[in-house]
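Asks: Sequence:
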Amino acid sequence: MHPIRTLAVAGFVLTGCIAAAPPEASPDPALTAKLRQLSDNDACSDRIAGALTAAGITADRVAGYDLAPAATAGRRSGGTRRNLQRQAWLKMAGGGNVVVQFEPSSCRIAILYARDGAVLPTAG
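In terms of our numbering, the sequence shown opens at residue -4 and continues consecutively.
Among the hints, a few may not be true.
As the list claims (entries may be wrong) - Within a straight-line C-alpha distance of at most 16 Å, the following computed EDC-like cross-link-like pairs (lysine to aspartate or glutamate) qualify: (1) 86 - 55; (2) 86 - 111; (3) 86 - 61.
Treat the hints as calculated values from the structure; they're not laboratory data.
The task is simple: from the sequences and hints, build the whole structure.
Replies: Below is the structure:
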């Protein structure tokens, strides 16, 4: 019985970690300006800059910006599924991408992660 409780607790802990939104900070002005320029003044660029600032990403590391629909199941609306989230793919100067998934209506950041060899700075 003990291993089953351990697995259940581990499952709840992991679920909490996965569902937690990434931290946000006051956005770095240089990073905010760069994202506004690269995103053609996307309404959520300031919130994205805040999430990147909290993750330790600086303006000089960002080399490109691409906006794409997020690969989520979406929500049902009138019998069809709508994907309400978007992903900002930020090309890093040292290679790879950092992806910020967010809801465009509220600019709420859902998740931030590194892809294709990019590395997020370590916290602390």
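Asks: Run the structure past the numbered hints and jot down the numbers of the failing ones, going up.
Replies: Violated hints: none; all satisfied.
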